[in-house]
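Peer 1: Here's the letter readout for the chains.
Protein chains: 2
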Amino acid sequence: MTNIETNQDRLWSTLMDLGQLGETEIGGCNRVEFTALNKQARDLFCSWAKDAGCEIFVDGFGNIRIRRQGKNPDAPVVMCGSHLDTQPTGGKFDGIYGVLGGLEAIRSLNDAGVETDAPIEVVVWTNEEGYMFQPMMGSAVWTGMLPLEDAFAMRDEKIDFGICEGLDRMGYLGDAPFMDRAKVACYIELHIEQGPVLGNAGEIIGVVDATQGQHWYDLELTGVEAHAGPTPMPVRKDAMMGMSRIALEVKRIAEDNMPACGTCGFAEVFPNSRNTIPGRVKFSADLRHPNPKKLAAMDMEFREVAKSITDEMGLKLSLSEFTFIKPLPFNQPLADGIEKAALATQKPYRRMFTGAGHDACNIARFLPTAMIFIPCRDGISHNELEWAEADHCKIGADVLVNTLMAAANGQITYE
Amino acid sequence: MTNIETNQDRLWSTLMDLGQLGETEIGGCNRVEFTALNKQARDLFCSWAKDAGCEIFVDGFGNIRIRRQGKNPDAPVVMCGSHLDTQPTGGKFDGIYGVLGGLEAIRSLNDAGVETDAPIEVVVWTNEEGYMFQPMMGSAVWTGMLPLEDAFAMRDEKIDFGICEGLDRMGYLGDAPFMDRAKVACYIELHIEQGPVLGNAGEIIGVVDATQGQHWYDLELTGVEAHAGPTPMPVRKDAMMGMSRIALEVKRIAEDNMPACGTCGFAEVFPNSRNTIPGRVKFSADLRHPNPKKLAAMDMEFREVAKSITDEMGLKLSLSEFTFIKPLPFNQPLADGIEKAALATQKPYRRMFTGAGHDACNIARFLPTAMIFIPCRDGISHNELEWAEADHCKIGADVLVNTLMAAANGQITYE
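If you read the sequences in order, they're chains A and B.
Sequential numbering of the first sequence, starting at 2, is according to the numbering used here.
Sequential numbering of the second sequence, starting at 2, is according to the numbering used here.
Bear in mind the hints are in silico, worked out from the structure with no lab data behind them.
Fair warning: there could be bad hints in the mix.
The list makes no distinction among identical chains, and a pair is therefore deemed to hold if it is satisfied within one copy or across any two copies.
Stated by the list, open to error - Derived lysine to any residue pairs resembling SDA-like cross-links, with alpha carbons at most 20 Å apart:
hint, residue 1, residue 2
1, K348, N332
2, K283, R246
3, K159, K308
4, K283, P349
5, K184, L174
6, K252, G315
7, K317, D379
8, K252, P233
9, K252, I310
10, K51, D337
11, K283, N273
12, K252, Q135
13, K294, T144
14, K159, C47
15, K308, P74
16, K294, I254
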């Protein structure tokens with residue numbers, strides 16, 4: 002089998018051309034879903050797809066599929082993709098790179114005159130960023146996790162219309178049937194890492210074979226508000242000190258269970274006056290791990306330690322779970338296929354999990370799925386400073402095209 | 002020397018009568034300085050003082066002095082007092098008890114037909130609570146710590162007049178000269194504890210021989226804001242975790258240096274989003290100790306530990322001192338005199354320091370000063386639930402009257 006190489010200059014100029022739409026003064030991108038700017042981005046992508054000889058399908062939720070036909074049009078489709086919308090202060094790579102990397106894969110296959118057995122499709126998922134409504138909607142509707150009528154019934158206080166009208170305004174309320182999941186062989190998503198792991202290690206490719214699972218907790222501690230002067234330490238019931246101890250346990254539990262993550266991102270103190278011992282605090286805690294058993298053990302340890310700290314300090318504890326997301330291994334043979342393509346680039350790579358959520362995390366519940374990461378500068382994303390290097394973009398696209406080709410030629414068995 | 006006893010029923014009914022002025026639905030008191038209600042309280046007190054045979058003086062800052070003459074009118078005056086104003090959601094005891102306890106002392110000396118060598122005065126200090134302008138103003142002006150013209154120049158956004166007009170409206174912009182400090186022997190303030198120490202120990206009298214000194218710090222920690230999912234623990238610069246460690250050091254330093262206090266009453270987290278590692282926090286820290294050397298050592302330890310924690314965690318530390326109040330020992334021979342009177346009651350007592358600020362803390366810089374505490378229920382004050390027991394009020398007044406008598410008869414040498 003030949004090893005295909007993508008065209009770095011073409012991929013980069015395609016990325017930069019699309020990044021013009023909504024470009025911010027400091028080089029970021031503001032191209033929220035349902036806006037005129039994102040309609041332009043969708044149009045531009047479709048025109049490129051047409052030039053590349055693809056068929057174009059838009060389904061009833063605005064998801065765009067472009068298809069490069071295979072020798073056997075009835076063979077299960079090999080699918081890749083991501084999204085074109087951005088956060089209001091986003092960048093030119095998050096999502097876009099996965100879509101245009103897929104387009105570059107098709108263009109490179111065309112250049113090389115390679116015909117694959119199965120068709121290859123690149124999908125643009127609607128409203129991944131969820132600046133309005135909620136994130137990762139296109140894949141949620143497609144997989145059936147979110148019924149279409151529920152999605153259309155949603156409202157968002159930032160706008161006075163629903164998703165159906167929003168798609169119609171852009172001209173992307175399509176009439177193509179939703180792609181039959183039974184006719185899809187696998188899904189691969191190419192993306193910037195949005196974290197610092199690859200960059201810090203000097204690695205160019207992440208072979209992503211799992212998602213983190215996640216417990217999001219809401220905590221409230223109630224003690225006794227009192228004057229900070231005349232109240233001796235032994236009689237205090239200081240909610241701030243209780244929160245501090247629990248926060249450090251979140252950190253310790255994560256550090257004891259690497260590669261776990263532990264975060265307390267939100268905190269409020271009452272009455273929040275320097276001369277008063279806090280009688281109450283509210284805060285969030287977040288524990289993540291890619292391994293279900295490990296995560297369950299962390300959850301149990303956290304609940305026990307929060308209870309024992311608050312018992313010891315005479316604080317009342319209210320602990321509720323805001324969200325629980327199960328850890329989800331991706332498809333290992335598909336990840337092995339990505340690793341094989343990564344090896345062929347002769348660049349440093351690692352197998353890793355994704356810390357952030359992606360459409361791939363929805364799709365992985367139903368289909369063989371894996372992801373490919375490249376580094377982004379300083380691990381920064383969802384930020385106008387988000388950046389990726391042109392040569393890294395090319396190497397990631399190389400891994401994608403060769404994995405797509407292998408999959409479309411039946412060289413990957415998903416078990 | 003005879004031991005004088007005060008009249009519990011008279012003292013209690015006097016307290017309850019004055020507490021009618023501004024009484025709230027749940028039994029607290031709302032009688033802010035410069036209001037018509039507090040004018041009524043001043044008037045009522047003056048009428049009682051007149052009935053008790055006292056001369057009444059109102060100085061140019063509205064401080065009221067009532068004098069029970071001594072055999073030797075030129076002997077340095079023995080002074081006690083406190084204040085009649087309350088917080089908007091205050092109680093019937095904070096301040097008022099010290100004033101009416103002094104009045105009860107005079108009444109009891111009258112009943113017993115005791116003539117003291119030196120005159121005895123009870124002072125009502127203007128605007129101790131500082132709900133408007135600032136706290137402890139009457140004693141600050143009297144001692145010269147706050148020049149009269151500066152006090153009169155102050156404005157407060159809650160009202161459209163200054164203090165001079167406020168006093169004039171109440172009829173308490175007096176023309177008596179400010180009492181000559183050189184003609185005052187000592188100052189004693191009787192007060193509810195405003196903390197739980199006596200109540201928890203089952204003690205009735207606090208012989209207060211010192212104030213706490215106090216360091217108030219403002220801290221800001223700057224780390225790196227990042228996505229809570231894809232950012233591994235070892236590369237994080239999490240300002241929330243830095244704050245948590247420093248807060249627990251505040252607690253530990255205080256606990257290692259009892260009877261020190263350590264508090265972080267105020268905290269703000271940025272951007273305060275559950276899915277983002279906090280890049281910045283602002284918080285207060287408060288360390289108190291009655292001993293100057295101990296407090297200085299705590300200050301040094303705190304600064305070192307804050308620096309070493311932030312250095313270790315890669316956080317930028319900004320630490321500034323918002324306020325520093327030196328610890329101030331009260332006059333020990335005067336406190337010994339109070340202890341002698343406490344012993345005579347045969348009730349449990351302790352020597353202690355005051356955690357809260359009082360007019361006595363200003364006056365102690367210039368004159369032999371000490372305080373007498375009685376318990377308040379659950380240590381609660383500055384609250385409509387503030388409460389003291391009638392028999393405790395009587396015992397505190399017993400200690401006051403016998404100390405005043407000893408002092409006014411030259412039995413206390415202040416060194």
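Peer 1: Does each hint fit the structure? Answer for all of them.
Peer 2: Cross-check of the supplied hints:
no. : hint        : in the structure
1   : K348 - N332 : neither (23 Å within a copy, 78 Å between copies)
2   : K283 - R246 : both (14 Å within a copy, 18 Å between copies)
3   : K159 - K308 : neither (40 Å within a copy, 44 Å between copies)
4   : K283 - P349 : neither (44 Å within a copy, 41 Å between copies)
5   : K184 - L174 : neither (23 Å within a copy, 92 Å between copies)
6   : K252 - G315 : between (23 Å within a copy, 15 Å between copies)
7   : K317 - D379 : between (41 Å within a copy, 19 Å between copies)
8   : K252 - P233 : between (29 Å within a copy, 11 Å between copies)
9   : K252 - I310 : both (15 Å within a copy, 15 Å between copies)
10  : K51 - D337  : neither (32 Å within a copy, 98 Å between copies)
11  : K283 - N273 : both (12 Å within a copy, 11 Å between copies)
12  : K252 - Q135 : neither (29 Å within a copy, 42 Å between copies)
13  : K294 - T144 : neither (26 Å within a copy, 69 Å between copies)
14  : K159 - C47  : neither (28 Å within a copy, 64 Å between copies)
15  : K308 - P74  : neither (59 Å within a copy, 66 Å between copies)
16  : K294 - I254 : within (14 Å within a copy, 39 Å between copies)
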